[in-house]
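Visitor: Work the whole structure out from these sequences, hints included.
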Amino acid sequence: MTAPTVSPISRRTLLKGSGGLVIGFSLAAAFRNAGLLAQEATVAPIGTPAATPSTEPGLIGTPAAQTQEDIQTRDVSGDTIDSWLSIDGQGLVTIYCGKVELGTGLWTSLTQMVVEELDVPMASATLIAGDTLLTPSQGTTAGSKSIQVAGPVLQQAAAEARMVLLTRASERLGVPMDDLQVEDGVVTALFDATKTVTYGELATDTFGMEITGDAPVKAFDTYRVVGQSIPRIDILSKLTGGEAYLHDLTVEGMVHARVVRPYVRTMDGIGATLGSLDDTAVRAMPGVIDVIQNGSFIGVVAEREEQAVRAADALQVTWAQTAPLPDLGQIYDLIREMPAEEEETVRTGDVEGAFASQTARMLEATYTQPYQAHASIGPSCSIADVRADGATIYSSSQGVYALPAAIGPIIGLAPEQVRIIYKEGPGCYGHNGADDVSADAAVLSKAVGRPVRLQWSREGEFAWEPKGPAMVMDLRGGLDNEGNIVAWDYTVFTPTHSTRPGGQPGNMLVGQQIDPPVEPATLGQTGGDRNAPNNYSIPNQRLTVHWNETPALRPSALRSLGGLANATANETFMDEMASLAGADPVEFRLRHMADPRAVEVMRRAATRAGWMARPSGPQFSGVVPAADGTVTGRGFAFARYETEFAYAAVVVDVTVNPADGTVRATRVVVGHDCGLIVNPDGLQNQIDGCVIQGLGRALKEEITFDGSAVTSLDWSTYHIMGFADIPLIEIELIDRPDQPPLGAGEPAICPMIAAVSNAIFDATGARLRNGPFTPARVLEALAAVTG
Amino acid sequence: MQSTPATALSITVNGQSHDVEATPETPLLYVLRNELGLHAAKFGCGLGQCGTCTVHQDGQPIRSCVVPVSEVAGTEITTLEGLGTADDLHPIQRAFIAEQAAQCGYCIPGMMMTGAALLQTTPEPTDAEITEAFAGNLCRCGTHTRIVRAIQRAAGNVAGTTA
Ligand code: FES
Ligand code: FES
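Note that the protein sequences, when read in sequence, are chains A and B.
Oh and the first sequence: position 307 is 308 in the numbering used here, straight run, nothing missing.
Oh and the second sequence: position 134 is 190 in the numbering used here, straight run, nothing missing.
By construction, these hints were calculated from the structure, which means they are not laboratory data.
Quantities reported herein were computed from a predicted structural model and do not represent experimental measurements.
Keep in mind that the hints are not guaranteed to be accurate.
[What the hints assert, rightly or not] To list a few chain B residues with every Cβ distance to chain A over 10 Å, as calculated: (1) Ala-78; (2) Ala-96; (3) Gly-115; (4) Gln-116; (5) Thr-131; (6) Glu-137; (7) Gln-176; (8) Pro-181; (9) Gln-208; (10) Gly-212.
[Claimed, not checked] Once the Cα atoms are required to be at most 25 Å apart in a straight line, the calculated SDA-like pairs of lysine to any residue come out as: (11) A:Lys-146 x A:Gly-504; (12) A:Lys-701 x A:Pro-681; (13) A:Lys-701 x B:Asp-183; (14) A:Lys-701 x B:Ala-191; (15) A:Lys-146 x A:Gly-214; (16) A:Lys-701 x A:Asp-222; (17) A:Lys-701 x A:Glu-645; (18) A:Lys-701 x A:Ala-784; (19) A:Lys-146 x A:Phe-221; (20) A:Lys-701 x B:Thr-187; (21) A:Lys-146 x A:Pro-681; (22) A:Lys-701 x A:Arg-598; (23) A:Lys-701 x B:Leu-103; (24) A:Lys-146 x A:Gly-503; (25) A:Lys-701 x B:Glu-188; (26) A:Lys-701 x B:Glu-180; (27) A:Lys-146 x A:Gln-526; (28) A:Lys-196 x A:Gln-91; (29) A:Lys-701 x A:Ala-785; (30) A:Lys-701 x B:Gln-105; (31) A:Lys-146 x A:Val-226; (32) A:Lys-146 x A:Asp-222; (33) A:Lys-701 x B:Asp-75; (34) A:Lys-146 x A:Tyr-537.
Yeah, the Cβ is synthetic: ideal placement off N, Cα and C, and Gly gets one too.
Guide: Encoded structure:
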């Protein structure tokens with residue numbers, strides 16, 4: 002963090018540098034009520050009055066500030082304090098934020114960071130986020146970057162707001178700013194306790210100031226709210242049937258819809274065009290309002306949800322396949338062979354020279370990552386109200402700010418006429434169906450002239466969501482005479498991991514289906530090389546990335562993007578190199594690691610797990626089969642997220658049943674360092690999630706398809722972790738309050754697959770290099786070892 | 057547009073009787089959510105595979121996404137809203153909040169309904185019994201460990217203290 006800090010003493014008494022800076026407060030616009038509107042169930046369509054003006058006394062601003070015009074003209078520049086924060090006459094704080102809650106507890110943590118700077122109670126703050134008319138854009142909420150990137154921005158805005166309030170208090174009380182302190186939103190003179198004024202009383206006008214970047218933020222050692230396990234602000238509504246999710250909203254006049262598509266999604270769209278459509282019978286079904294066909298896009302709209310479901314099922318549709326899917330069994334060969342853009346991104350020393358002259362023993366291995374799904378627990382949903390002069394669309398998209406430009410052209414509106422309001426959905430873990438369903442709903446609403454609620458079917462979500470792509474990683478490594486790594490050559494074959502909307506109508510599924518279809522737009526190559534560069538001290542290295550241009554299924558961001566597959570390859574290969582060197586895998590890693598934070602994370606995980614130093618493999622562990630024939634093993638892996646952010650080391654204990662190939666994780670220990678910990682309990686919750694989802698991706702998850710369609714369309718064909726599969730999880734949190742907070746939603750998933758593979762090797766001597774490690778693959782690997 | 061159902065169907069939900077507009081084969085879940093405005097039960101799969109739609113029929117957990125509304129006439133349906141409210145939480149809700157047992161939370165109402173039914177028949181379940189009872193409930197976020205802890209905590213509450 003580069004923002005200046007102040008000492009504990011001056012924090013309580015003074016914010017330096019603010020004297021005389023107060024400028025005239027001219028604008029009388031408060032948007033608290035307008036903002037709250039955005040969270041209510043009733044859409045305020047553009048072009049109609051937004052709300053009944055509040056008559057509650059004491060709020061900053063006037064009823065006039067709550068009109069549609071004020072919503073439209075709200076400052077969302079992010080350049081001013083007012084674009085981030087408002088305080089009303091009761092001292093209630095509203096935070097306007099560009100990052101959305103994806104189920105990680107982000108809004109709780111960001112609120113903690115703001116109330117800390119302002120010195121107000123948690124309960125006095127509400128947060129509004131992801132409304133394109135009310136909140137500043139902070140880009141896509143992704144990559145575990147929200148605390149890391151948005152946190153400091155909000156902290157700074159709050160620090161500046163506090164400075165304005167203290168300046169006003171100083172004038173009002175006739176007390177120098179140095180002699181003021183704030184507690185729970187009440188400003189008091191240090192030497193005269195009778196002189197006191199509340200933030201609410203000071204909130205006579207907007208802040209009216211630009212963000213200067215000069216206001217000092219608090220020193221970490223004075224934190225009182227940051228660092229505490231504050232309960233989630235969103236939990237009560239979620240646990241009591243409140244309108245917690247987009248799926249729960251009801252809008253006046255709302256009707257229901259389903260879309261009908263083939264179960265495939267290729268790089269260029271749906272991979273099929275409409276052959277024939279017979280909707281005669283469906284149009285006569287009870288409640289059916291319309292069957293909409295535009296190009297190859299088909300949807301049904303009905304009065305009631307069940308009527309829409311039945312109508313969609315009853316529709317007679319045939320498709321003409323334009324892009325057959327490849328044979329799943331050949332997929333990894335295809336990935337190697339398909340057209341690709343080649344890029345050498347790391348070159349250290351002379352890899353080939355080191356293999357030729359310094360290498361005593363060398364190893365080569367190939368790892369593969371299957372197509373995997375976001376598999377959100379509920380299918381994506383949207384409510385759209387499209388009128389002639391504007392549209393309001395509720396969306397669970399991670400990137401609401403990119404949607405107006407992506408959806409506007411599809412429904413014949415300018416981006417400025419499209420308001421997107423974020424409302425939470427089930428955990429998305431990346432670019433799932435939430436964006437596409439929003440565009441679908443908009444097209445259907447425009448067609449029927451009514452607000453439309455559209456929830457995809459379970460099968461639709463599995464088929465149409467963009468996929469975490471399949472990848473191939475080739476590694477070569479060389480050991481010198483001392484058993485240290487001298488050469489490391491890494492080649493990855495991957496498509497881009499982002500086909501997000503990016504303001505492009507061609508990136509919306511419906512955009513590719515309508516007549517005339519819009520071509521998808523490339524957003525460049527991204528994410529596939531995440532965590533491909535390692536953190537070890539190896540003198541000669543090369544990293545080559547082959548960016549696949551024609552992946553079989555449309556790829557996009559899935560938790561950690563390429564980070565999981567690349568950490569899998571790096572950390573499994575590290576174990577293989579340790580075995581080649583006859584070394585203990587933890588000692589071997591530490592030997593090649595110079596970064597003290599990485600060293601500590603590894604040591605803490607190993608110690609907590611009771612790691613016993615020895616080379617991996619049954620011949621060294623002396624493991625004997627249990628009475629039921631199962632054998633046990635233990636694996637280690639480490640990753641630093643994106644090679645430069647948070648650190649995670651994991652120890653996984655497994656039991657393997659050689660008779661049927663089943664693998665069970667019994668205990669997972671995680672060492673974790675993400676700098677300053679904002680909310681320890683929330684962090685542990687995220688790490689649990691990384692561990693469990695990581696185990697699922699190691700052991701179970703794989704999208705399947707045949708020549709014409711995706712075939713893993715429900716929970717009986719796409720397998721995730723269940724209660725019977727859950728290990729004991731122990732977490733060692735390393736708090737570094739003097740270091741910037743780093744995102745924690747993804748780091749701990751990265752080493753999970755490698756640790757499982759390494760544990761299976763320890764138990765059996767069989768190397769699993771192709772995920773997921775299903776019983777069939779384990780049996781195959783065991784057969785290869787026993788010959 | 058709206059066809060009048062041939063026979064008026066009446067169901068009892070959270071102790072109250074309701075006339076149903078939906079046709080008899082309509083899954084109970086749609087009636088709960090869209091006619092009665094009870095949103096705790098969620099649509100997760102519509103296939104009886106995930107448990108997000110779990111409610112109680114005469115105290116037994118059922119998957120409301122695959123049960124036709126006509127089948128529950130004459131029985132007592134209880135949804136999460138019937139167990140507790142924000143102002144008057146059921147012990148199982150208190151336990152889940154105490155454990156902060158939610159990530160996205162979408163699966164959690166179904167988990168609480170499954171848990172509440174389990175605790176009725178098995179007031180002090182072992183972890184193995186919990187695992188067994190939750191075999192049909194899925195959570196994508198990986199909140200399982202906390203869910204089990206919350207059930208254990210609720211078991212203590214149910215056994216030891218009043219609601
Ligand atoms: S929604 Fe009913 S079991 Fe999945
Ligand atoms: S908490 Fe998100 S699915 Fe369970």
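Visitor: Now tell me, hint by hint, if it's right for this structure.
Guide: Hints versus structure:
| no. | hint | result |
| --- | --- | --- |
| 1 | Ala-78 | violated (6 Å) |
| 2 | Ala-96 | violated (3 Å) |
| 3 | Gly-115 | holds (19 Å) |
| 4 | Gln-116 | holds (19 Å) |
| 5 | Thr-131 | holds (20 Å) |
| 6 | Glu-137 | violated (5 Å) |
| 7 | Gln-176 | holds (19 Å) |
| 8 | Pro-181 | holds (12 Å) |
| 9 | Gln-208 | holds (13 Å) |
| 10 | Gly-212 | holds (18 Å) |
| 11 | A:Lys-146 x A:Gly-504 | holds (21 Å) |
| 12 | A:Lys-701 x A:Pro-681 | violated (30 Å) |
| 13 | A:Lys-701 x B:Asp-183 | holds (23 Å) |
| 14 | A:Lys-701 x B:Ala-191 | holds (16 Å) |
| 15 | A:Lys-146 x A:Gly-214 | holds (20 Å) |
| 16 | A:Lys-701 x A:Asp-222 | violated (44 Å) |
| 17 | A:Lys-701 x A:Glu-645 | violated (29 Å) |
| 18 | A:Lys-701 x A:Ala-784 | holds (20 Å) |
| 19 | A:Lys-146 x A:Phe-221 | holds (20 Å) |
| 20 | A:Lys-701 x B:Thr-187 | holds (18 Å) |
| 21 | A:Lys-146 x A:Pro-681 | holds (17 Å) |
| 22 | A:Lys-701 x A:Arg-598 | violated (32 Å) |
| 23 | A:Lys-701 x B:Leu-103 | holds (20 Å) |
| 24 | A:Lys-146 x A:Gly-503 | holds (18 Å) |
| 25 | A:Lys-701 x B:Glu-188 | holds (20 Å) |
| 26 | A:Lys-701 x B:Glu-180 | violated (32 Å) |
| 27 | A:Lys-146 x A:Gln-526 | holds (19 Å) |
| 28 | A:Lys-196 x A:Gln-91 | holds (19 Å) |
| 29 | A:Lys-701 x A:Ala-785 | holds (21 Å) |
| 30 | A:Lys-701 x B:Gln-105 | holds (17 Å) |
| 31 | A:Lys-146 x A:Val-226 | holds (21 Å) |
| 32 | A:Lys-146 x A:Asp-222 | holds (23 Å) |
| 33 | A:Lys-701 x B:Asp-75 | violated (45 Å) |
| 34 | A:Lys-146 x A:Tyr-537 | holds (24 Å) |
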